[in-house]
Amino acid sequence: MPESPAEPAGRPPGPPRAGPASASLALVPVEVSRGKLAAEFADWETNAAIYARRGWLLLDCGPLHAEVAFLATVPLVGVFTIPVVTACVRLDYTNYDLWPPSLTFIDPRTREPASPAVRAPATTPAGVRDALIDGHPDTGRPFLCLPGIREYHNHPQHTGDDWLMHRATGAGRLAVICEHIWQRMARNVVGLRVTVQALPPAIGTQVEMALAQGDLAAAQPPLPVPLGEGSEVGGGQAEPYAGTGLDDAMRPDATGI
Amino acid sequence: MAPAGRRTTKGDVMPHPAPFLDLIVVVSGSPHPVRVDIHQTLEHVVAEALRESGNVGQPPADWELRTEDGMLLNQATRVDAAGLREGQTLFLSPRAGAGG
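Line order of the protein sequences matches chains A and B.
Going by the working numbering, the letters in the first sequence line up with residues 1 to 257, in that order.
Going by the working numbering, the letters in the second sequence line up with residues 1001 to 1100, in that order.
The set of hints was computed from the structure by calculation and includes no laboratory data.
You can trust all of the hints, since none of them are fake.
These stretches of chain B come out as covered by chain A in the derived footprint (C-beta under 8 Å, 3 or more residues):
(1) 1024 to 1031
(2) 1048 to 1062
(3) 1065 to 1075
(4) 1085 to 1097
Okay, derived cross-link-like pairs now, SDA-like style, lysine to any residue, Cα gap no bigger than 20 Å in a straight line:
(5) A:K36 with B:P1031
(6) A:K36 with A:T46
(7) A:K36 with B:N1055
(8) A:K36 with B:H1032
(9) A:K36 with A:D97
(10) A:K36 with B:S1053
(11) A:K36 with B:S1030
(12) A:K36 with A:A168
(13) A:K36 with A:L25
Note that CB positions come from ideal geometry on N, CA and C, so glycine has one too.
My request is simple: use the sequences and hints to build the entire structure.
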């Protein structure tokens, strides 16, 4: 087992700041973390058919990592739809579950770090919140700012929300993290947004394409519920996350096609 | 043996649906069989699934119950009103909070 480098004085407990140095720390026997991740893969196998229907693609499963891509069905003209990889992640389970897994968005072809094609919005009582933050202070890469993910817990703004307070709920488990990503970055992809700007001849016509995301709860048929009880699903149209700044944040080239 | 149920005015036995429903609840990725009374709420399903999975003492409100296609179920809904079928798989995950 490699020796742990000396900790800097005054460093708070918990998962380390991201970076090459943290990868060499070995605080949990490798067999333990491997065993826990193997159990995750066994559970995945049990639900594999459902996950496939959801568009969860397990691209790679190593002793301490998993790579998962998320497919969304994007409607085009008429009744045609195309599957689009809207997000692809690598989860590193080093020192799990003393540390939460580390999440990196990757390119599904090269497996190198890359920005995802969509944002990660969700409707909350406080309004629409985007969990995709564009630059982690340690890596400079986009990260998913949700409990159960190492980049959340080692972010300076979340030092008061320790991983160990979430560990017992399974917040770092493979299926739980995939559920959050799917809800925020694939299931809510409702179509393709095309913007055409007719500008003076010197500039020309500009066409922008982006994946459109919306609140699917508004598009679901209401469940029959007893009189006087509320429902968390509505009966209207899918509501785009318009006016939240999320549309502007979508990259025009982020179509995945 | 005659099927259980009540007799109609014509004397025929009208079978009534079983008062229990057997579900599979996938708690944080691990499947657990749960038998529930259809007259109880989905909150009871969540509590039972949490108990089955060893998450004893955790409030159901901190968890989200969803269908296979990801639709969020209201835990105040009664089981018989939620449109669930025998053997259906539901997914239970800890709430992620607002994020960001």
